[in-house]
Amino acid sequence: MEWNKNLSVPVICLGAAAVLCASFAVFMFAADKAPRSKTAPEREVIEIPVYEYQAEGPPSKLTLYEGPKTMTSSKTASIFANGNELFVYDVMVNHEHIWNANTIPSDTPMTYFDFEGKVTVEIEMPGLGKAVESAAVLPSSHGIVPEVKDGRVTFSVTEPGFYTVIYNNHVNKATHIFANPIETDIPDKNDPNVFFIEPGHWAIDAIALKSDQTLYISGGAVVNSVVIVDNAVNVTIRGRGIIDGSDFPGHNQPGSYARVPIDIRNSKNITAEGFIIANANCWNFNSYATENAHISNVKIISARQNGDGFTFQSCKNHTVTDSFARTWDDSLVLKNYSGSTKDITFERIQIWTDLAQSMEIGYETNKGLTIKPEISDVLFKDITVLYNFHKPVISIHNSDDAFIHDITYRNIIVENAFMQGDNGVNKELIEFHMNKSGWTAVRDEWGSIRDILIDGLTVLNTEDGAIPESRFLGHNENHGIENVTIRNVTILGEKITDLTALRANVNEFVHNIVVE
Amino acid sequence: MNKILTIVFIAVIAVSLIVAAIAFFTEPETLEPIEREVLIEGTAPPIVDLTVLEAPDQAGAERPGIFPDPEEAWVKLPEGDNLAAGKSVSSGEFTEVYDPANVTDGDLTSYWESKGLPAVLTIDLEGTYTIQTVGVRLNPAPIWEARTQGFTVQVSTDGENFTVVAPDARHEFNPDSGNIVRIDFDPISARFVKFIFTEKSSGRSNGAQASEIEVYE
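Protein chains in written order, with our numbering: chain A, 1 to 516; chain B, 1001 to 1217.
Don't read these hints as lab results, they were simulated from the structure. Treat the hints loosely; a few may be bogus.
Result set (SDA-like, lysine to any residue): computed pairs, CA atoms no more than 25 angstroms apart in a straight line [unchecked claim]:
1. A:Lys69 to B:Ala1061
2. A:Lys210 to B:Phe1067
3. A:Lys427 to A:Thr370
4. A:Lys38 to B:Val1048
5. A:Lys69 to B:Phe1067
6. A:Lys69 to B:Lys1003
7. A:Lys38 to B:Val1097
8. B:Lys1003 to A:Cys21
9. A:Lys33 to B:Ile1018
10. A:Lys69 to B:Thr1026
11. A:Lys75 to B:Ala1059
12. A:Lys38 to B:Thr1026
13. B:Lys1087 to B:Val1048
14. A:Lys189 to B:Pro1068
15. B:Lys1003 to A:Ile12
16. B:Lys1003 to A:Thr76
17. A:Lys118 to B:Glu1027
18. A:Lys118 to B:Glu1037
19. A:Lys210 to B:Asn1139
20. A:Lys210 to B:Lys1115
21. A:Lys33 to B:Gly1060
22. B:Lys1076 to A:Ala206
23. A:Lys61 to B:Asp1049
24. A:Lys118 to B:Leu1053
25. A:Lys210 to B:Glu1032
26. A:Lys189 to B:Lys1076
27. A:Lys38 to B:Phe1067
28. A:Lys69 to B:Glu1062
29. A:Lys118 to B:Val1048
30. A:Lys210 to B:Glu1037
Quick list of simulated restraints, FRET-style, between CB atoms [unchecked claim]:
31. B:Asp1081 to A:Ile186: 25 to 35 angstroms
32. B:Ser1189 to A:Asn193: 35 to 45 angstroms
33. B:Glu1071 to A:Asp247: 13 to 23 angstroms
34. B:Ile1022 to A:Ser8: 29 to 39 angstroms
For glycine and all other residues, C-beta sits at the position ideal for the given N, C-alpha and C.
Chain A extracted, bound-state conformation:
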């Protein structure tokens, strides 16, 4: 304690001051709240929103396409996808359900986008001519019940597909919405074998593709032209854009001629995907004497004379999947023009037939006058017919001498079988017929029809609420119809288990026809 005695009071005070100063220095150096010459910024707090729907699925992707600036969006319909206004095209359709060489088409709204996830579609119809009081989204198998409020139709879609909206239980201005999957593997526009058509409005007399070439029609593109593939292999036509025939008068008009939007001839290994064909002046997607064609997500809307949808003559190994055809003539049609037809599959197709038949084999089954022509190994599977307004839904017309066999129809749903026929005839649901016609090329020879299976046919509505008739008519004992099995048929809710219930007209040249 001796050193305490020697400490003076000032030194002690100085020591205390030193301790205080040291403490202050530590405070200033380390404390967040110590005074500073400049104020520290507030620490940012980032709020990450966690939406309820994230538990249900991934976020949506949505790709929209502006329409060409040379065109204006439809005045009939305003359509929105997740609040984004879409460009709506007025495309030709035809509500005249009987052949007329001078028919005048009307128009209806059509739009498209690409998406994955969930998209809410809203539609307003200022051009309908009357208030929207009700709406339905077809096909009904989607199970979509739209909300209609103050004239606005709202519904959501979660799967790519083709959605047709009708208003007030009427087909006028039925709106076609093509909801594509998101595009992948878009071709390289710098590839010398790729013809890449950008968004915009384009016109060229014809686009002829050679072997190993790709035509890409971008979404947002409208191309007034036709695509010709002749004697070529490994050709691809794809994209989301529109091949438009509105520049061309109807092919039967004076000075005009057929301008087939997709015309493939004598070729092999063809891929077609994603595009739309509208306003054609004749057939739409034609393939002749071609092997190995794979067509998917192709959409067709036609309104003018001979506006057949997917029409193949003497082709082999063709598949058409996930596609749409609203046509003013046969929607899906197989014929023989030069040799036989074999291995053709139509699967997951939506059809709307304003004129003629939905699924037609014939009439020309040997136009090329070849030896022993056949049409065989054909499958129609998961076909939804939204409307069939004119002639039979399922038909085989063997008007020449072909042997038609091994034809299968599986899971066919006809939402509206409204066949008005031709002045009271040709209004069957199913028709298999050995008959000469205006299209017959072989006058003195006959073929036959054999081994036909219809497994799953459902008709939801008919115009008069009655079961439509069907007919099966052979030519003679040697040229008839044999081995026809029809099962799992339901019409207007009634299970059909015999020919009588099917209202079938069967002549004596039909053998072993069974309804079970």
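Here the structure of chain A is known, so what remains is to put chain B in place on it, guided by the hints.
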């Protein structure tokens, strides 16, 4: 002892004040943000990865640039009036319906075809002009494949006395260049223009062929 402690304490005070001053004037640090999840209840606006492909400015439909206009590679003819358009034409025998009037009808799909070689075809310009160019054309469609035809060009003001302006030579017709043969010569007064065809390479016809023949000042 007091002296030592005094020095130490003063030093401590001085250092402390310096440290405090440095701390006071030092730029405050920006702190890392804090992330905090916030649950948004009710109907959530969808999170959309939105892509919009825009359309270019256009006044009308255009030819896609990837398909160059084949006419750009065609042989060019003068821009003036074609003096032969719609004028009368005569020739020797011709094949079927392929009469000589087709060479002045303005339609490249119609044509004249002589019945054999040599073949003479004469255009009456129905007036006297000073001319210096003629164009002989076939249908430019690729199906009219490349070929040669040999011919002489002569002109006359009276239809009787002709002057050779292009001596007999073999000319190449090629659809890549529009199936057009252009022949230039010194300006000369003429009413009648006569072509004497002497040979051809194509085996598709029996005689000479021409879809259009054009004459320019």
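A quick look at each hint next to the structure:
With a C-alpha separation of about 10 angstroms, the suggested pairing of Lys69 (chain A) with Ala1061 (chain B) holds against the 25 angstroms cut-off. Proposed proximity of Lys210 (chain A) and Phe1067 (chain B) is supported: the alpha carbons are some 14 angstroms apart, at most 25 angstroms. Simply put, Lys427 (chain A) and Thr370 (chain A) have alpha-carbon atoms about 32 angstroms apart, too far for the 25 angstroms limit, and the pair is violated. For the given pair, Lys38 (chain A) sits about 42 angstroms from Val1048 (chain B) by alpha-carbon distance, which is inconsistent with the 25 angstroms threshold.
For the suggested pair Lys69 (chain A) and Phe1067 (chain B), the alpha carbons sit about 21 angstroms apart, so the restraint of at most 25 angstroms is met. Pair hint Lys69 (chain A) plus Lys1003 (chain B) does not hold up; C-alpha atoms about 94 angstroms apart against a cutoff of 25 angstroms. Our distance criterion of 25 angstroms between C-alpha atoms is broken by Lys38 (chain A) and Val1097 (chain B), whose separation comes to about 100 angstroms. A hinted pair counts as satisfied when its Cα atoms are at most 25 angstroms apart, and Lys1003 (chain B) with Cys21 (chain A) qualifies at roughly 20 angstroms.
With a CA separation close to 19 angstroms, the supplied pair Lys33 (chain A) and Ile1018 (chain B) stays within the 25 angstroms bound. Distance check on the hinted pair: Lys69 (chain A) and Thr1026 (chain B) sit about 59 angstroms apart at the alpha-carbon level, beyond 25 angstroms; violated. A hinted pair counts as satisfied when its Cα atoms are at most 25 angstroms apart, and Lys75 (chain A) with Ala1059 (chain B) qualifies at roughly 20 angstroms. The suggested pairing of Lys38 (chain A) with Thr1026 (chain B) holds, with an alpha-carbon distance near 8 angstroms, which does not exceed 25 angstroms.
Using a Cα cut-off of 25 angstroms, the hinted pair Lys1087 (chain B) and Val1048 (chain B) is violated, with the two alpha carbons roughly 68 angstroms apart. With a C-alpha separation of about 16 angstroms, the suggested pairing of Lys189 (chain A) with Pro1068 (chain B) holds against the 25 angstroms cut-off. Taking the CA atoms of Lys1003 (chain B) and Ile12 (chain A), the gap is about 12 angstroms. The hint holds against a cut of 25 angstroms. Of the supplied pair hints, the one linking Lys1003 (chain B) and Thr76 (chain A) is violated, its CA atoms being roughly 101 angstroms apart against a limit of 25 angstroms.
Pair hint Lys118 (chain A) plus Glu1027 (chain B) does not hold up; C-alpha atoms about 50 angstroms apart against a cutoff of 25 angstroms. About 24 angstroms separates the Cα atoms of Lys118 (chain A) and Glu1037 (chain B), which keeps this hinted pair within 25 angstroms; it holds. A distance of roughly 22 angstroms separates the Cα atoms of Lys210 (chain A) and Asn1139 (chain B); the hinted pair therefore holds under the 25 angstroms criterion. For the given pair, Lys210 (chain A) sits about 37 angstroms from Lys1115 (chain B) by alpha-carbon distance, which is inconsistent with the 25 angstroms threshold.
The hinted pair formed by Lys33 (chain A) and Gly1060 (chain B) fails the criterion: a straight-line CA distance of about 68 angstroms is larger than 25 angstroms. This hinted pair checks out: Lys1076 (chain B) and Ala206 (chain A) have alpha carbons roughly 23 angstroms apart, not beyond 25 angstroms. Between Lys61 (chain A) and Asp1049 (chain B), the direct Cα distance comes to roughly 5 angstroms. Compliance with the 25 angstroms bound is thereby established for this hinted pair. Taking the CA atoms of Lys118 (chain A) and Leu1053 (chain B), the gap is near 20 angstroms; set against the 25 angstroms cutoff, the hint holds.
Distance restraint check for Lys210 (chain A) and Glu1032 (chain B): the Cα-Cα separation of roughly 60 angstroms exceeds the 25 angstroms cut-off, and the hinted pair is therefore not satisfied. With a CA separation close to 32 angstroms, the supplied pair Lys189 (chain A) and Lys1076 (chain B) exceeds the 25 angstroms bound. About 66 angstroms separates the Cα atoms of Lys38 (chain A) and Phe1067 (chain B), which puts this hinted pair outside 25 angstroms; it is violated. For the given pair, Lys69 (chain A) sits about 12 angstroms from Glu1062 (chain B) by alpha-carbon distance, which is consistent with the 25 angstroms threshold.
A threshold of 25 angstroms between alpha carbons decides the hint, and for Lys118 (chain A) with Val1048 (chain B) the separation of about 9 angstroms falls inside it, so the pair holds. With a CA separation close to 57 angstroms, the supplied pair Lys210 (chain A) and Glu1037 (chain B) exceeds the 25 angstroms bound. Between Asp1081 (chain B) and Ile186 (chain A) the Cβ separation comes to about 50 angstroms, which falls outside the hinted range of 25 to 35 angstroms. Checked against the hint of 35 to 45 angstroms, the pair Ser1189 (chain B) and Asn193 (chain A) fails, with Cβ atoms roughly 55 angstroms apart.
Separation of Glu1071 (chain B) from Asp247 (chain A) is about 19 angstroms and conforms to the stated range, judged on CB atoms against 13 to 23 angstroms. Checked against the hint of 29 to 39 angstroms, the C-beta distance between Ile1022 (chain B) and Ser8 (chain A) comes to roughly 32 angstroms, which is consistent with it.
Hints 3, 4, 6, 7, 10, 13, 16, 17, 20, 21, 25, 26, 27, 30, 31, 32 from the earlier list are contradicted by this structure; the remaining hints agree with it.
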